[in-house]
Amino acid sequence: MGNWTKWIWGVIAAVPFAAQAQGDLKGLDRDMVGPRAQILVLGTVHLSGMPAGFDQASLDGVLKRLAAFKPDIITIETESGEECDLAARHPARYGPDYCTPTDAAKAATGLDLPAAIAEVDKTLQAWPAQATPAQRRRLAALFLAASDRASAYVQWLQLPEAERRAGDSLNPALVELLGTIAKRNNETYQLAARLAARLGLQRVHAVDNHTGDNIDVADTKAFVRSIEAAWAEGGAAIQEQQKREAALAQASDLLPLYRYVNEPAGLLLRAEANVGPAMRAKSAQGYPQIWVAGWEIRNLRMVANIRETYRERPGARVLSIVGATHKPWFDAWLGQLQGVDIVDAAALLK
Numbered sequence: 001m002g003n004w005t006k007w008i009w010g011v012i013a014a015v016p017f018a019a020q021a022q023g024d025l026k027g028l029d030r031d032m033v034g035p036r037a038q039i040l041v042l043g044t045v046h047l048s049g050m051p052a053g054f055d056q057a058s059l060d061g062v063l064k065r066l067a068a069f070k071p072d073i074i075t076i077e078t079e080s081g082e083e084c085d086l087a088a089r090h091p092a093r094y095g096p097d098y099c100t101p102t103d104a105a106k107a108a109t110g111l112d113l114p115a116a117i118a119e120v121d122k123t124l125q126a127w128p129a130q131a132t133p134a135q136r137r138r139l140a141a142l143f144l145a146a147s148d149r150a151s152a153y154v155q156w157l158q159l160p161e162a163e164r165r166a167g168d169s170l171n172p173a174l175v176e177l178l179g180t181i182a183k184r185n186n187e188t189y190q191l192a193a194r195l196a197a198r199l200g201l202q203r204v205h206a207v208d209n210h211t212g213d214n215i216d217v218a219d220t221k222a223f224v225r226s227i228e229a230a231w232a233e234g235g236a237a238i239q240e241q242q243k244r245e246a247a248l249a250q251a252s253d254l255l256p257l258y259r260y261v262n263e264p265a266g267l268l269l270r271a272e273a274n275v276g277p278a279m280r281a282k283s284a285q286g287y288p289q290i291w292v293a294g295w296e297i298r299n300l301r302m303v304a305n306i307r308e309t310y311r312e313r314p315g316a317r318v319l320s321i322v323g324a325t326h327k328p329w330f331d332a333w334l335g336q337l338q339g340v341d342i343v344d345a346a347a348l349l350k
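Numbered according to our numbering, the sequence shown spans residues 1 to 350.
Among these hints, one or two may not hold up.
Claimed, not checked - Calculated lysine to aspartate or glutamate pairs in the DMTMM-like style (CA-CA distance at most 25 angstroms, straight line):
| id | residue 1 | residue 2 |
| --- | --- | --- |
| 1 | K122 | E308 |
| 2 | K70 | E233 |
| 3 | K243 | E233 |
| 4 | K26 | D344 |
| 5 | K70 | D121 |
| 6 | K183 | D168 |
| 7 | K106 | D72 |
| 8 | K183 | E296 |
| 9 | K183 | D60 |
| 10 | K122 | D85 |
| 11 | K122 | E163 |
| 12 | K106 | E163 |
| 13 | K282 | E296 |
These are computed hints drawn from the structure, not numbers from a lab.
My request is simple: use the sequences and hints to build the entire structure.
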């Protein structure tokens, strides 16, 4: 941050806004100039749990509805390269396996994670209107070195079939990795990356964050038992919900499943079952309430990461694809931001 930027923020922080004194920030954007950001939060099931024989074509109806929204930015529930680099520098705090290693991509490109992130940014700043296959292969390799597999797959999908081959830093090992990604049941690839490629976007944006829910407790096993006991309180309602989802997941068209998952009543049920029992649970150590604190920190940091993706693009259309349990928190907190309208996911999926 430059000195002038620090000065500006220092001045702003010193201004005694009446709204701050009242503790109410609503309506500060009532006279906003220009278009408002449109944010659509799609609650998703985790496709890794789909039944055997899952056909990626079953997502076509969902993709068609999402394409109609025409997002400028797509965010995904995975950790960014920057967060992976942070975790790698603090293994005692976050563990040695916080993120998937990028060794193969580093060997192919000669770039470690921070250097690859910088090169991705530099490349995108000068990205042409019509990229060549060589440019896309090179960028895919850079994304892999930057711990951004989903964006690498976005580039791969935009290559003509005949050009999906090794070359331009994309060596055979990385080509094989991209082939594996293509077959993986994961909403990051099969929804977000496929949609981004269809719309001609160059990347997706990783916004997940686990730095704040890396909870430090004296007895991990007792902590887990206390959370599981609290969740059991709301288990019956959730089990019925899961049973319905399992039945819908068998269909050849998953649009009805996504309609069900994004129904407001079902989302409120998820929120209550997830946090309500934990807040009511008795624990000498306060373990259930500690878990809720970590859950809230994670969601707050994810929401801030989403805000950052369109910071320089007021009026952007943003699609955030995230596990359905997160959606109530995303809708509530994103909806409090200035210049933001939350798009009704249930209405869009009809």
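Here is what the structure says about each hint:
1. K122 to E308: Holds. K122 to E308 sits at ~18 angstroms (cutoff 25 angstroms).
2. K70 to E233: Not satisfied, since the Cα-Cα distance of roughly 41 angstroms exceeds 25 angstroms.
3. K243 to E233: The given pair, whose Cα atoms are some 17 angstroms apart, holds under the 25 angstroms limit.
4. K26 to D344: 20 angstroms, holds
5. K70 to D121: Between K70 and D121 the Cα gap is close to 23 angstroms, so the pair holds against 25 angstroms.
6. K183 to D168: 23 angstroms, holds
7. K106 to D72: 30 angstroms, violated
8. K183 to E296: Judged against 25 angstroms, a Cα distance of about 33 angstroms means the pair is violated.
9. K183 to D60: 16 angstroms, holds
10. K122 to D85: 19 angstroms, holds
11. K122 to E163: 24 angstroms, holds
12. K106 to E163: Satisfied, since the Cα-Cα distance of roughly 22 angstroms is no more than 25 angstroms.
13. K282 to E296: It holds: about 19 angstroms lies between the C-alpha atoms, which stays within 25 angstroms.
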